[in-house]
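A.B. asks: So the chains spell out like this:
Number of protein chains: 4
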Amino acid sequence: MSSFKSNALRGTFFLVFGLGWSVKYPLKYLSRKLNADNQASRWIQKLDILEGAAKAFLAIAGMLAEQFIPDGSHMGLYSGGTYSWEKLTNWQYTTMYLFYGLSGIVDVLAYSPLKLSLGLDRLLLSVAMFTEGFLFCFHDYNNTALDQHLHSLLLIAIFGGALCALMEVFLRDHTILEFFRTSFFILQGSWFWQIGFVLSPPWGGPGWDQTDRGNFNFLTMCFFWHYAAALLVTAANSVFSYWYVVGRGSGIQTCIYSAILSGSDERGG
Amino acid sequence: MSSFKSNALRGTFFLVFGLGWSVKYPLKYLSRKLNADNQASRWIQKLDILEGAAKAFLAIAGMLAEQFIPDGSHMGLYSGGTYSWEKLTNWQYTTMYLFYGLSGIVDVLAYSPLKLSLGLDRLLLSVAMFTEGFLFCFHDYNNTALDQHLHSLLLIAIFGGALCALMEVFLRDHTILEFFRTSFFILQGSWFWQIGFVLSPPWGGPGWDQTDRGNFNFLTMCFFWHYAAALLVTAANSVFSYWYVVGRGSGIQTCIYSAILSGSDERGG
Amino acid sequence: MSSFKSNALRGTFFLVFGLGWSVKYPLKYLSRKLNADNQASRWIQKLDILEGAAKAFLAIAGMLAEQFIPDGSHMGLYSGGTYSWEKLTNWQYTTMYLFYGLSGIVDVLAYSPLKLSLGLDRLLLSVAMFTEGFLFCFHDYNNTALDQHLHSLLLIAIFGGALCALMEVFLRDHTILEFFRTSFFILQGSWFWQIGFVLSPPWGGPGWDQTDRGNFNFLTMCFFWHYAAALLVTAANSVFSYWYVVGRGSGIQTCIYSAILSGSDERGG
Amino acid sequence: MSSFKSNALRGTFFLVFGLGWSVKYPLKYLSRKLNADNQASRWIQKLDILEGAAKAFLAIAGMLAEQFIPDGSHMGLYSGGTYSWEKLTNWQYTTMYLFYGLSGIVDVLAYSPLKLSLGLDRLLLSVAMFTEGFLFCFHDYNNTALDQHLHSLLLIAIFGGALCALMEVFLRDHTILEFFRTSFFILQGSWFWQIGFVLSPPWGGPGWDQTDRGNFNFLTMCFFWHYAAALLVTAANSVFSYWYVVGRGSGIQTCIYSAILSGSDERGG
Chain A
1025 MSSFKSNALR GTFFLVFGLG WSVKYPLKYL SRKLNADNQA SRWIQKLDIL EGAAKAFLAI
1085 AGMLAEQFIP DGSHMGLYSG GTYSWEKLTN WQYTTMYLFY GLSGIVDVLA YSPLKLSLGL
1145 DRLLLSVAMF TEGFLFCFHD YNNTALDQHL HSLLLIAIFG GALCALMEVF LRDHTILEFF
1205 RTSFFILQGS WFWQIGFVLS PPWGGPGWDQ TDRGNFNFLT MCFFWHYAAA LLVTAANSVF
1265 SYWYVVGRGS GIQTCIYSAI LSGSDERGG
Chain B
1025 MSSFKSNALR GTFFLVFGLG WSVKYPLKYL SRKLNADNQA SRWIQKLDIL EGAAKAFLAI
1085 AGMLAEQFIP DGSHMGLYSG GTYSWEKLTN WQYTTMYLFY GLSGIVDVLA YSPLKLSLGL
1145 DRLLLSVAMF TEGFLFCFHD YNNTALDQHL HSLLLIAIFG GALCALMEVF LRDHTILEFF
1205 RTSFFILQGS WFWQIGFVLS PPWGGPGWDQ TDRGNFNFLT MCFFWHYAAA LLVTAANSVF
1265 SYWYVVGRGS GIQTCIYSAI LSGSDERGG
Chain C
1025 MSSFKSNALR GTFFLVFGLG WSVKYPLKYL SRKLNADNQA SRWIQKLDIL EGAAKAFLAI
1085 AGMLAEQFIP DGSHMGLYSG GTYSWEKLTN WQYTTMYLFY GLSGIVDVLA YSPLKLSLGL
1145 DRLLLSVAMF TEGFLFCFHD YNNTALDQHL HSLLLIAIFG GALCALMEVF LRDHTILEFF
1205 RTSFFILQGS WFWQIGFVLS PPWGGPGWDQ TDRGNFNFLT MCFFWHYAAA LLVTAANSVF
1265 SYWYVVGRGS GIQTCIYSAI LSGSDERGG
Chain D
1025 MSSFKSNALR GTFFLVFGLG WSVKYPLKYL SRKLNADNQA SRWIQKLDIL EGAAKAFLAI
1085 AGMLAEQFIP DGSHMGLYSG GTYSWEKLTN WQYTTMYLFY GLSGIVDVLA YSPLKLSLGL
1145 DRLLLSVAMF TEGFLFCFHD YNNTALDQHL HSLLLIAIFG GALCALMEVF LRDHTILEFF
1205 RTSFFILQGS WFWQIGFVLS PPWGGPGWDQ TDRGNFNFLT MCFFWHYAAA LLVTAANSVF
1265 SYWYVVGRGS GIQTCIYSAI LSGSDERGG
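Line by line, the protein sequences give chains A, B, C and D.
Letter by letter, the first sequence follows residues 1025 to 1293 in our numbering.
Letter by letter, the second sequence follows residues 1025 to 1293 in our numbering.
Letter by letter, the third sequence follows residues 1025 to 1293 in our numbering.
Letter by letter, the fourth sequence follows residues 1025 to 1293 in our numbering.
Just so you know, the hints here were simulated from the structure itself, not pulled from any lab data.
Since this is a predicted model, take the numbers as computed values, not measurements.
Don't take every hint at face value.
Identical chains blur together in the list; that is why a pair holds if it fits in one copy or across any two.
Cross-link-like lysine-lysine pairs, in silico, DSS-like; alpha carbons within 27 Å at most [what the hints assert, rightly or not]:
1) LYS1139 to LYS1029
2) LYS1111 to LYS1048
3) LYS1139 to LYS1048
4) LYS1111 to LYS1029
5) LYS1070 to LYS1029
6) LYS1070 to LYS1048
7) LYS1111 to LYS1139
8) LYS1057 to LYS1139
9) LYS1057 to LYS1029
10) LYS1070 to LYS1111
11) LYS1057 to LYS1111
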């Protein structure tokens, strides 16, 4: 049904952004606090554009992967021979990546001369996450109860992140919301890996027993252990960024800043 | 059960408002920004009254259509002969149009000397959408699972729009909320058309197979493709309005404005 | 199960408050606007205390009625003879009235020298409504589907009102929220009467057919007709209050005010 | 399944914090109001650190108790012999305590020189409560309907408290939210005791009949009686604190303050 590789791909997509944000947001917060001049804001702007471009690029890569991997749908949607829909799961993930792609494009356009309304980038991220969540809600799990249970748990991470992004439309640059959203992305990423290991282990063999109630209870707990780990990773990265920029003395800090900001110094300063 | 024509009528009702708003709100935003004088606000006021009147008129037209089309209820609600309720689906849509009619009347009254509380127009719109949503929630689908699935998806658009309108009671003239609500209205309109094509195709023949699980999965995806299209249409109309008013140089812009505002110039200026 | 009289009693309780508020809130709004001096606020304060006392008194009356009507529970909760709980429905409504009583007491105490936190009165009203809603949620309807459907619809009015009151904790004296809450109370009152007529008509005979799907669909619609009526009544009372105080010229208005405020004039002025 | 002792332990954990807060928050509010100098804030800061440490300590104690009581899991999770998960209920409560422990650690760190974002402590409390709630939601009750009903009711208290804590992230030091959260904690504590008495009475014998519908209805009501009691206890403690600090005259009040603040006077003053 869902192979290990495609779950790992999805997991990596979310982990990359989650871990990236767990470093970016503390740095953004600190640069704002330390640099009164507008060097920091120029550097964050560049990072935002880069992030949007990466999101759009990875989403397109994901769409192509879902379509053109050996057991992908190869752009075929309806089989005239059997009068039935084909490879709908691959198309579903393509749809999911499509919305993340739109979100990435809006992230880039937010800095264009088009002057988009402030908050539109967060709204599109929220829309992408809600779309993902509703796709999993309405997905037909063919009576594979454990599969459904794993994705029900995932919904907590998805809708949690979507609500965070929605609130950020109105409360932009709120550190707590950014922290929360980051932890939900890391959780989502690591849980996609877990889903891969449970349903189709990479070392072959069948997945876990779909009927054993113990598996259900253990995986519920396991989901929250993942979340505890996601919180710790986010916190550790925040503390590390804090220590890296502030804690090493104002002399060394200047060196780091000049290194980080060298690109913008050359052109802007 | 639900004929193609009445679904198309409902879809057109929502598409007209969605597409109208996708042009009106960017224009309103731009006129506010460009015109310091109160010409723009007078023009928007006229448009708001017109919109309210159109909403009330279309709602009454919808109510009459539901009652007096050949297979309508013709004001009959209870059949004394069979001791049973008659044509409840038509009455249900009449109720839905009734609330949109009330919303239209309040839109008009908001500019009357009655001095309604600011935000009452948005509240009534929200009430109309929640009423529509709950009517679909509690509707009896007679075990036609695909019918129910199509309307469950529609609920996302309805309740999404209702929540937007509810938030606008407190955050009036918020561009993001107006953008979001507009996209939900276009989605609702196009989805009513889709429901018509799926359940009772205009070229005759039965609707889609109510038991094929593939249809369920495809339509779930299809709903989000509709939403992606709705977002693109809303965005394109915004950009087009922006280009039409601002992008063509301040000289030409003055001409356009004098054309748009000529009506209010004659009487007001 | 639930006799006509007790449903009428509950309906009257909510209608009294709903209709009272539909006159009180517009008058409060207008007096604040017209009277710069503190006569109006003193008069509103007296009305608030009176309302709280009436709420507490009616709640106690309701509790006594549920216990000591001929088919009430007479303070008996557990039957030692049959080893079973007795008259739990009466006890459930007693619990409901208990929370409204607490809300009334806090309304009165809000003006005492105890200096309660502002908003505690609205919070307790919200708690009373949530309690009522959860009691109906978890109520055992003994497989009487129509009974359950009627109370499910009622939940919309209850939770709608509860959310309004909860938001008023943070947005006190918001006219839109007060209008909305008033309309939900009137709806709740009239729907309790409707429940009485449907389940146990006062002219005797059995209630409506519990298995006819037509009844379900009709009552869903009927609930929203009640709400349209509740909105119209609230609006009419607001307009009438406006006309009564403002519309009749400033000369007559002064007379009315001196009549209304005479009580507070004698002591305070 | 769930022994009386472990339910009593959980109940005591929540009661200690609920009752503690019902005294602490009014005192905090009053000290802020009465003491213009920063003595009061220093005293509150100490209490906050103490509370966080107590929370972390009690959470660790709870984790150890769940693991090492005679019928605990003794760190064993998977039985190689029977190829099945072992003692998952104990592990579930260990997970619950883990998140409360994290919350306690963040409470302490909030006053460290790490300069955490304001509101992170409330966020972690909210996360701990949501985790607890979702663990109970997804728990497998093995068709013991009364057990499930008791925990469904508990969810009202858990998610109510979690939403309060979440709102406090944005509206810090809001007295109404603190009052509400306190009452939900007391409710949760007393309801855990009730669950213990219902499912496994300390005087031996089986729990209540799992199939009697009367038990369900009675316990639903009983839950709201617990809440009425929790509200009264919270209110009584608030009034008592008020009377203790303010009501006894400004002369005596000074003495009390000097007694309360003596610790901080010695070092800080």
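A.B. asks: Hint by hint, say whether it matches the structure.
C.D. replies: So, going through the hints one by one against the coordinates:
1. In this assembly of identical chains, LYS1139 and LYS1029 lie within 27 Å of each other by CA distance neither inside one copy nor across copies; the values are 40 Å within and 41 Å between.
2. In this assembly of identical chains, the alpha carbons of LYS1111 and LYS1048 never lie at most 27 Å apart, being 37 Å within a copy and 41 Å across copies at closest.
3. Taking the shortest Cα distances, LYS1139 and LYS1048 sit within 27 Å of each other both inside one copy (24 Å) and across copies (18 Å).
4. Taking the shortest alpha-carbon separations for LYS1111 and LYS1029, only the intra-copy value of 16 Å comes in at or below 27 Å, while the best inter-copy value is 33 Å.
5. In this assembly of identical chains, the alpha carbons of LYS1070 and LYS1029 never lie at most 27 Å apart, being 32 Å within a copy and 52 Å across copies at closest.
6. Only within a single protomer do LYS1070 and LYS1048 lie at most 27 Å apart by alpha-carbon distance; the minimum there is 12 Å, versus 33 Å between protomers.
7. Within a single copy, LYS1111 and LYS1139 get their C-alpha atoms no closer than 40 Å, and across copies no closer than 51 Å, so neither meets the 27 Å cut-off.
8. Within a single copy, LYS1057 and LYS1139 get their C-alpha atoms as close as 26 Å, and across copies as close as 13 Å, so both meet the 27 Å cut-off.
9. Taking identical chains as interchangeable, the C-alpha atoms of LYS1057 and LYS1029 are never at most 27 Å apart, the minima being 42 Å within one chain and 51 Å between chains.
10. In the homo-oligomer, the alpha carbons of LYS1070 and LYS1111 never lie at most 27 Å apart, since the shortest distance is 39 Å inside one protomer and 52 Å across protomers.
11. For a Cα distance limit of 27 Å, the shortest separation of LYS1057 from LYS1111 qualifies neither inside one copy, at 50 Å, nor across copies, at 49 Å.
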